[in-house]
Amino acid sequence: MRVLALVDGFHTGELLDSLARLLSLHEAELLLVYVQGPGPRAGLDLVRHRPGGHGLPPHREHELAAAEHAGSADALAEAEKLASPLAGSTKTIQLRGEPGRAVCEIAARDGVDLVAIMAGDRGQARLGPGSLGPVARFVADHSPCPVLLLRAGR
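Residue 326 is where the sequence shown starts when you use the numbering used here, and the numbers rise one by one after that.
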């Protein structure tokens with residue numbers, strides 16, 4: 326079985342613990358995916374595109390990109406360390422783009438059997454229409470394979 330787990334750098338332990346409780350991962354191939362989304366940069370773009378706003382100097386742009394890359398690499402390293410004893414094999418994938426779309430594309434391209442994703446963030450309702458974050462909602466609606474939505478703190 327090939328399982329894709331979306332790593333966000335915050336809920337990795339909860340995601341993998343819940344997944345291991347529900348599935349036997351010892352014979353599974355676990356794809357650990359981290360997608361650098363547009364979130365932090367979108368806020369900077371709003372500041373830069375206001376009247377009189379200026380873009381970041383090239384050296385700051387480079388520093389920002391390096392920090393984003395290092396953060397995602399750290400999140401994947403932690404996920405791989407936690408997942409290695411649980412899964413038959415692990416593979417890490419680091420991408421940039423819209424997370425929901427990237428997850429669905431990887432699932433289709435790599436023949437994934439199951440996508441596991443946290444249902445929402447701590448700031449969202451536990452149950453009901455607002456309980457899914459935008460990435461979880463997109464994946465649930467567009468995934469080419471079954472999706473396992475995991476809730477934090479359960």
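Simulated from the structure, these hints should not be mistaken for lab results.
From the three backbone atoms N, C-alpha and C, an ideal C-beta is built for every residue, glycine too.
Take these hints with a grain of salt, some might be off.
What the hints assert, rightly or not - Straight-line distance between alpha carbons at most 16 Å, and here's what the computed EDC-like set of lysine to aspartate or glutamate pairs gives: (1) LYS416 / GLU393; (2) LYS416 / ASP466; (3) LYS416 / GLU405; (4) LYS406 / ASP342; (5) LYS416 / GLU388; (6) LYS406 / GLU354; (7) LYS416 / GLU403; (8) LYS406 / ASP466.
Stated by the list, open to error - Here are the computed distance ranges between Cβ atoms for each label pair: (9) GLY413 / GLY453: 15 to 25 Å; (10) PRO471 / GLY422: 35 to 45 Å; (11) GLU352 / ARG385: 39 to 49 Å; (12) LEU420 / SER456: 24 to 34 Å.
LYS406 paired with ASP342 [C-alpha distance capped at 16 Å]: 13 Å, holds
Pairwise hint evaluation, ASP466 against LYS416, where the allowed Cα distance is 16 Å at most: 25 Å, violated
Agreement of LYS416 and GLU393 with the hint, judged by alpha carbon distance not exceeding 16 Å: 20 Å, violated
Pair hint outcome, LYS416 versus GLU403 [Cα-Cα no greater than 16 Å]: Holds, because 13 Å separates the two Cα atoms, which is no more than 16 Å.
Given hint GLU405 paired with LYS416 - CA-CA distance at most 16 Å: Distance ~8 Å between LYS416 and GLU405 Cα, so the pair holds.
Distance restraint evaluation - GLY413, GLY453, Cβ atoms, bounds 15 to 25 Å: Violated, at about 37 Å.
Restraint status (C-alpha distance of LYS406 to GLU354 at most 16 Å): 15 Å, holds
GLU352 versus ARG385 beta-carbon gap, inside 39 to 49 Å or not: 47 Å, holds
Holds or violated: LYS406 to ASP466, with C-alpha atoms at most 16 Å apart: 30 Å, violated
Satisfaction of hint between GLU388 and LYS416, Cα-Cα up to 16 Å: 27 Å, violated
Cβ distance range 35 to 45 Å for PRO471 and GLY422, holds or violated: With Cβ atoms ~23 Å apart, the hint is violated.
Beta-carbon spacing of LEU420 to SER456 - inside the hinted bounds 24 to 34 Å or not: 26 Å, holds
The structure fails to meet hints 1, 2, 5, 8, 9, 10 from the earlier list, while all remaining hints are met.
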